[in-house]
Amino acid sequence: MAHVAIADRDHDAEMHEPHGFMSRYVWSQDHKVIAIQYACVAMFVGLIALVLSGLMRLQLGFPGTFHFINPDNYYQFITMHGMIMVIYLLTALFLGGFGNYMIPLMLGARDMVFPYLNMLSFWMYLLAVLVLLASFFVPGGATGAGWTLYPPQAVLPGTPGAGLGIILMLVSLGIFIVAFTMGGLNYVTTILQARCRGMTLMRMPLTIWGLFMATVLGLLAFPALLVSAIMMLLDTTLGTSFFLPALLSQGEVLNHEGGSPLLFQHLFWFFGHPEVYIVALPAFGIVSDLISTHARKNIFGYRMMVWAILAIGGLSFVVWAHHMYVSGMNPYFGFFFATTTLIIAVPTAMKVYNWVLTLWRGDIHLTVPMLFSIGFIFTFVHGGLTGLFLGNVTVDVPLSDTYFVVGHFHMVMGVSPVLVLFGAIYHWYPKITGRMWNQALGKLHFWLTFLGTYSIFLPMHYLGILGVPRRYFALGTTDFIPDSVHSINASITIAAFIVAAAQLVFLYNAITSLWKGEKASPNPWKATTLEWQTPDTPPKHGNWGPQLPVVHRWAYDYSVPGASDDFIPQNEPIDPKQAGGWGHRSKP
Amino acid sequence: MSVTAVFSALLAGIIVWFLVARRLTAKSWDSGERDGDVGAIHVAPSRIGLWIFMAIVTSLFGLFLSAYSMRMHHGDWSHIALPGVLRVNTLLLVAASIALQLARSAAGKGQAGGVKMGLLAGGALTFAFIVGQLVAWQQLADAGHFMRGSPAAAFFYMLTTVHGLHLLGGLWVWGRMTVRLLGGATLVDLKLSVELCSEYWHYLLLVWIVVFAALLYM
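Protein chains in written order, with this note's numbering: chain A, 1 to 588; chain B, 1001 to 1218.
For the record, the hints were derived by calculation from the structure and aren't laboratory data. Virtual Cβ for every residue (Gly too), placed ideally from N, Cα, C. Certain hints may be false.
Here are a few chain B residues that face chain A, going by a calculated C-beta distance under 10 Å [unchecked claim]:
1) Ala1067
2) Leu1134
3) Trp1137
Over the 10 Å line for every Cβ pair with chain B, so calculated as not near, a few chain A residues [what the hints assert, rightly or not]:
4) Val171
5) Val227
6) Phe317
7) Pro522
8) His541
9) Gln547
Model the full assembly from the supplied sequences, consistent with the hints where possible.
See the structure below:
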């Protein structure tokens, strides 16, 4: 009976609509407001991380020119750029932002199941961000340990921020994990329990499937980061020896013995690899919906797509040590993890084929979201293929710690999810704000970003094959580094600044469209999913007015033969005469 | 690590099985499919939330114990004698769990007095357990084992702290519930809370027994 109780909550959910400014926009328990709060904070820290990468590129492109960048700063920029982008931007924007906004709307629910917890989740996230940013201003500055925070170097003098910087980083991660757990409990429970009538699991849009599996991964994987953060905190503050072996540091014998740095790496990557899919799976889900909608065609192989998401989620827990081939672990592990790594390529490749087959002979509308989706297919295939190189032990060993790795992971989990995020923002902006974008500026933003990121990261693969090491402040003069490396580095830096400037176009467009944009119709893309069928645009508190929607079909009834429109919303009843839907179409 | 990997695989297996059992094979594009049953689990959302939370905590402790078993194999490891008071504490936590179970069955029968007795006894026994853990810390420190120097002691302090914090979280919910009960809330309102509380306590008892056994015998 429980689900009926939720689905029928129509009346008691004439819900306590907040009236004051504070309770409506600040201490809000409405999933849409929380989503926007999450998204704004995430984009704000993302901009900081973007500036940090610009500073790094200045040093790499024109070494010795900018005297305010010294090696210590440089390591702090690297570390904070990586950590912010992966966790505080991508994870938070996909799950806290889009997860919060889309889950109740796409499922036909009025709100999350635990709204208070949801609000708490945002405020904890904000606290985590503030603690993280505070670390820039403490004595010694932010940590410069690299985003992987490997001990012992992360906590030893000589590494920037080895005192307070690393402590604040670990504390901030701990707070973030608590925030994520609160949010994640909500997302999973809402998807399981608060779907409207008729919304079976296999009628859910793939966006929801991606968000669901990513949240499950996050809930099970983030504890590994929490465990390593707690143990490292104890090592640096109370002098335990979980990770720190007996060692000499700057001529002094430290009071540690027997700890295992390798143990940290195992724990970190047991979180770190699923983290890749925490970011990738929502992107997979969202891009499937964007492609289907803008190609006016049902997604190819829906069931296969769902199963692939589940398979990727399961497999992502047994590949972590492919990040550790050169760590000195048992070489037989390498064989095992190379095998699982290659296996995970199978469901991933299936998804790529299905996107391409969805586009095949579709009625492709080259809208801005569609451009970003197609761009994503390029960058993702590219990053995926270089992943096959790095997944094999023998190929990985010479490429380890070179720019090849930097090029690979930026393509596959930097550029690709970010392109999807932009596509998703352009796609849902009319629903969220009630206004349309300036199309021309959107297209300009796409082309600059897409071509620009290619000219940043493609040459890095070449640098990596030459053997140029990553993480170096300056390359100096070495035999194996020809002059071309320096000119490539300069050109990469110029491309990076063009891409960064392109993001200003995006921000300008996003902000000015709020009042200059043309008023959006409730369903400008003629999409089938429920969030486009709300009575108000943007949706009001409670989302659905007096009556919850009822779902009668799957989310991909585009261009159904015999139907009057080229899309049939999910809440459109089946006409018995016509018996629409793909299963009942007549043979041409 | 392998412990955790097995646990995660198991959990993923359960989730997949569960979803498959709920017709993950449905051909949803076929409009002939019948409407209506959305396959939601017929369980209160807060109970689902609690179960998911317990799965997360299991992952947390699984990872701590994986780290423990990996760290043990390094040269400087030496076992420490655990204080005897821990056995008494274990009995206290068992008793707390039983008391909450009694409260739960009293709530099922609608006996307000029994619920009150069970809740108060359960809370008091849990507080006694936590005090007992602090006594164990004191005894270990008196024996010369501190966080610094002995990795086995460091793991002991850390694991008992994390477990204790989870119990304190439970006690916070227990406190709010008890205040509502003494303030005259009806059993109908509180029945679910009492049930969830007892489930959480049984779970934390299980966690403690596994942790204690690992510290003793691994």
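| said: If I take the minimum Cβ distance from Pro522/A to any residue of chain B, is it greater than 10 Å? | reply: Consistent with the label, Pro522/A stays out of reach of chain B, its closest Cβ about 24 Å off (over 10 Å).
| query | Are all C-beta atoms of chain B more than 10 Å from that of Val171/A? | reply | Non-interface label on Val171/A holds, nearest chain B Cβ at 15 Å vs cutoff 10 Å.
| said: The output says Phe317/A does not contact chain B. Does that hold with a beta carbon cutoff of 10 Å? | reply: 5 Å, violated
| query | Is it correct that the beta-carbon of His541/A has no partner in chain B closer than or equal to 10 Å? | reply | Holds, since 20 Å exceeds 10 Å.
| query | How about Trp1137/B: closest beta carbon in chain A under 10 Å, or not? | reply | Violated, about 14 Å.
| Once the closest CB in chain B is found, is it more than 10 Å from Gln547/A? | For Gln547/A, whose nearest Cβ neighbour in chain B is about 16 Å away, the distance exceeds 10 Å, so it holds.
| message | Min Cβ distance, Leu1134/B to chain A: is it shorter than 10 Å? | response | Since chain A brings no Cβ nearer than about 17 Å to Leu1134/B, farther than 10 Å, the hint is violated.
| request: Decide, holds or violated, for the assertion that all CB atoms of chain B are farther than 10 Å from the CB of Val227/A. | output: 5 Å, violated
| message | Let's test the interface hint: is any C-beta of chain A closer than 10 Å to that of Ala1067/B? | response | With Cβ-Cβ at 6 Å, under 10 Å, it holds.
Of the numbered hints given earlier, the model fails hints 2, 3, 5 and 6; all others are met.
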